[in-house]
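Asks: Sequence:
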Amino acid sequence: MGRTSDAKGKILSAAHSLIEQRGYSALGVAEICKAAGVPKGSFYYFFESKEALALAVIDEHWTQERRDWEAVLSGDTEPLQQLRRLFEATEARQRAGRESCGAVVGCMFGNLSLEMSNQTESVRKRLQEIFEEQVGLVAGTLVEARSRGDVNVTDPRAAAKAIVAQLEGQVLFAKLYDRPSELSTLWRSCLALLAVHDDKVAAQA
Numbered sequence: 031m032g033r034t035s036d037a038k039g040k041i042l043s044a045a046h047s048l049i050e051q052r053g054y055s056a057l058g059v060a061e062i063c064k065a066a067g068v069p070k071g072s073f074y075y076f077f078e079s080k081e082a083l084a085l086a087v088i089d090e091h092w093t094q095e096r097r098d099w100e101a102v103l104s105g106d107t108e109p110l111q112q113l114r115r116l117f118e119a120t121e122a123r124q125r126a127g128r129e130s131c132g133a134v135v136g137c138m139f140g141n142l143s144l145e146m147s148n149q150t151e152s153v154r155k156r157l158q159e160i161f162e163e164q165v166g167l168v169a170g171t172l173v174e175a176r177s178r179g180d181v182n183v184t185d186p187r188a189a190a191k192a193i194v195a196q197l198e199g200q201v202l203f204a205k206l207y208d209r210p211s212e213l214s215t216l217w218r219s220c221l222a223l224l225a226v227h228d229d230k231v232a233a234q235a
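Going by this note's numbering, the final residue of the sequence shown carries number 235, and the count climbs one at a time with no gaps.
There may be inaccurate statements among the hints.
In silico lysine-lysine, DSS-like type, Cα no more than 27 Å apart, as pairs [to be verified]:
id, residue 1, residue 2
1, K80, K38
2, K40, K80
3, K70, K40
4, K191, K80
5, K64, K38
6, K64, K80
7, K40, K64
8, K38, K191
9, K70, K80
10, K191, K155
11, K38, K70
Per label pair, the in silico range of CB-to-CB distance [stated by the list, open to error]:
id, residue 1, residue 2, range
12, G105, E151, 27 to 33 Å
13, E61, A133, 29 to 35 Å
14, P69, E118, 24 to 30 Å
15, D36, A188, 41 to 47 Å
No lab work stands behind these hints: they were computed from the structure. Keep in mind it's a predicted model, so treat the numbers as computed, not measured. Note that the Cβ used here is the ideal one computed from N, Cα and C, for glycine as well.
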């Protein structure tokens, strides 16, 4: 059992790295197995198709990333400062990715949305669910900020969706220009979107 579990972990790890760096369509099962160091038969023992593997990678990636989002968007810190920490953590993640891969890899979910949303319905639906979860997490933070009088938004979920879209767009620019610093404008853009003045936020810090 230990060996089969190890083989599955190797396949997931190899696929995660390859998909993050190169996308989905250009990869073949043989290449994934070679990178994982496992025979092709092991692949089909665990996954019925490359699409099934992609879904498993997406779920694994979101499990970790969701923990990160929840850790940042919680605690005793003021809600707006939690959002700022989310942006800073995103920029730090892209900087770390650039150092390890030699280029900004962007967001796996955004990359796959652009690549696969018109091709694979199961992946499209799963990515939709993940972005809706992200919007929900940010919306919860905005609801708390509104209850404190820090923001005056009538529809926290709509505002949260705009913030997630802005975050995703800046990550796309960071990848396009291979510059993590593209994300440094997120905080001020978020304040402008929420119609919050810098002096009000500075008073909280």
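Asks: Does each hint fit the structure? Answer for all of them.
Replies: The hints, checked one at a time:
A hinted pair counts as satisfied when its Cα atoms are at most 27 Å apart, and K80 with K38 qualifies at roughly 13 Å. Distance check on the hinted pair: K40 and K80 sit about 15 Å apart at the alpha-carbon level, within 27 Å; holds. In summary, the hint linking K70 to K40 is supported, as the alpha carbons are separated by about 12 Å, within the 27 Å threshold. For the hint linking K191 to K80, the alpha-carbon distance of about 31 Å lies beyond 27 Å, and the restraint is violated.
Distance check on the hinted pair: K64 and K38 sit about 13 Å apart at the alpha-carbon level, within 27 Å; holds. Taking the CA atoms of K64 and K80, the gap is about 14 Å. The hint holds against a cut of 27 Å. At roughly 10 Å between alpha-carbon atoms, K40 and K64 fall within 27 Å of each other, so this suggested pair holds. A distance of roughly 35 Å separates the Cα atoms of K38 and K191; the hinted pair therefore is violated under the 27 Å criterion.
For the hint linking K70 to K80, the alpha-carbon distance of about 12 Å falls within 27 Å, and the restraint holds. Taking the CA atoms of K191 and K155, the gap is near 17 Å; set against the 27 Å cutoff, the hint holds. Our distance criterion of 27 Å between C-alpha atoms is met by K38 and K70, whose separation comes to about 12 Å. Between G105 and E151 the CB atoms are about 38 Å apart, so this pair departs from the stated range of 27 to 33 Å.
In this structure, E61 and A133 break the distance hint of 29 to 35 Å, their C-beta atoms being roughly 19 Å apart. Separated by about 43 Å at the C-beta atoms, P69 and E118 break the suggested range of 24 to 30 Å. Between D36 and A188 the beta carbons are some 46 Å apart, a value that agrees with the proposed interval 41 to 47 Å.
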